[in-house]
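Numbering (mature numbering (1 follows the signal peptide of the UniProt record, and there is no 0)), first residue to last: -19 to -1, 1 to 200.
By construction, these hints were calculated from the structure, which means they are not laboratory data. Some hints here could point you the wrong way.
The list that follows gives simulated cross-link-like pairs (lysine-lysine, DSS-like), each with its CA atoms no further than 27 Å apart [unchecked claim]:
#1 K156 - K35
#2 K166 - K145
#3 K156 - K166
#4 K23 - K35
#5 K113 - K93
#6 K156 - K92
#7 K113 - K92
#8 K121 - K92
#9 K93 - K145
#10 K156 - K113
#11 K166 - K93
#12 K92 - K35
#13 K22 - K43
#14 K93 - K156
#15 K166 - K35
#16 K43 - K92
#17 K93 - K22
#18 K121 - K22
#19 K156 - K121
#20 K23 - K43
#21 K93 - K121
#22 K145 - K121
Cβ pair distances, simulated, as ranges [said to hold, decoys possible]:
#23 K22 - V81: 25 to 33 Å
#24 N77 - D118: 22 to 30 Å
#25 N75 - S27: 29 to 37 Å
#26 I90 - N31: 18 to 26 Å
#27 K43 - F198: 14 to 22 Å
#28 M136 - S83: 36 to 44 Å
#29 K121 - S80: 35 to 43 Å
#30 S106 - D161: 32 to 40 Å
#31 K166 - D110: 17 to 25 Å
#32 S109 - V159: 20 to 28 Å
#33 N196 - K43: 29 to 37 Å
#34 K43 - I90: 31 to 39 Å
These numbers come from a predicted model, not from an experiment. Every residue, glycine too, gets a C-beta built ideally from N, C-alpha and C.
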Amino acid sequence: MRKKFLLLFLLICFTLINSSDSIKQESNSIELVIIDSGISKKMEYSLPNNWSIKHYNSKENKNNHADLVLQQILNNVEYQENVNVIIHDVVVSNSNNISVDSLYNTLNIAKKFNADIINLSLGISINSDDIKSVIDDISKDNTIIVAAAGNKFGMSAQYPARYKTVISVGSLDLKGNVSDFSAMKYVDEYRLGEYDSYSGTSFSAPIVTAEIINNFFEH
């Protein structure tokens, strides 16, 4: 049922976006929210000319997690001339610990953008009614939410990936097998998540985000 729901959900989203009444499609642009540790200036300067970043609630960037996530998206998007990608860079945390309150607050910031896609290469281990409520509200605005299932070693996906209106992404190894560290329950898609210098479902989710961006551009 979950997969059928997601397929229907994606079909509805793509139909709405490809409608002749879609302002975003007419302007040949897409808006993407990356909720993460914060994109560095160095990464920003390396973007293609048709990509731009708007920073929100900026904090000192103490790790390169968000940069790696964005690089994964860039590596898997097929560039097209005159297509603009507007990235909303929303910082949730510079550490490995993410509180319910900080995630809730950043999701509410993201909600205001009415973006096409939100990438969440992160999650929390507990269910929260507040988080679910704002996720549901965002989904009702036809925003596609992609989230990392989490490095849960075969257990259930973390939140918000586990929610029905979110595309939950697990990790594959180089042989196409599910990674030992990946969540396996409540996972919708699996993509490569093991690399030479880093690994995790955090780096699988942005591949799906890139594929959705490609779908927007193809239509």
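Structure-based check of each hint:
| no. | hint | verdict |
| --- | --- | --- |
| 1 | K156 - K35 | 37 Å, violated |
| 2 | K166 - K145 | 13 Å, holds |
| 3 | K156 - K166 | 20 Å, holds |
| 4 | K23 - K35 | 14 Å, holds |
| 5 | K113 - K93 | 16 Å, holds |
| 6 | K156 - K92 | 38 Å, violated |
| 7 | K113 - K92 | 13 Å, holds |
| 8 | K121 - K92 | 10 Å, holds |
| 9 | K93 - K145 | 21 Å, holds |
| 10 | K156 - K113 | 35 Å, violated |
| 11 | K166 - K93 | 31 Å, violated |
| 12 | K92 - K35 | 15 Å, holds |
| 13 | K22 - K43 | 13 Å, holds |
| 14 | K93 - K156 | 40 Å, violated |
| 15 | K166 - K35 | 35 Å, violated |
| 16 | K43 - K92 | 25 Å, holds |
| 17 | K93 - K22 | 24 Å, holds |
| 18 | K121 - K22 | 33 Å, violated |
| 19 | K156 - K121 | 37 Å, violated |
| 20 | K23 - K43 | 13 Å, holds |
| 21 | K93 - K121 | 13 Å, holds |
| 22 | K145 - K121 | 12 Å, holds |
| 23 | K22 - V81: 25 to 33 Å | 30 Å, holds |
| 24 | N77 - D118: 22 to 30 Å | 27 Å, holds |
| 25 | N75 - S27: 29 to 37 Å | 21 Å, violated |
| 26 | I90 - N31: 18 to 26 Å | 24 Å, holds |
| 27 | K43 - F198: 14 to 22 Å | 34 Å, violated |
| 28 | M136 - S83: 36 to 44 Å | 23 Å, violated |
| 29 | K121 - S80: 35 to 43 Å | 25 Å, violated |
| 30 | S106 - D161: 32 to 40 Å | 19 Å, violated |
| 31 | K166 - D110: 17 to 25 Å | 21 Å, holds |
| 32 | S109 - V159: 20 to 28 Å | 27 Å, holds |
| 33 | N196 - K43: 29 to 37 Å | 34 Å, holds |
| 34 | K43 - I90: 31 to 39 Å | 20 Å, violated |
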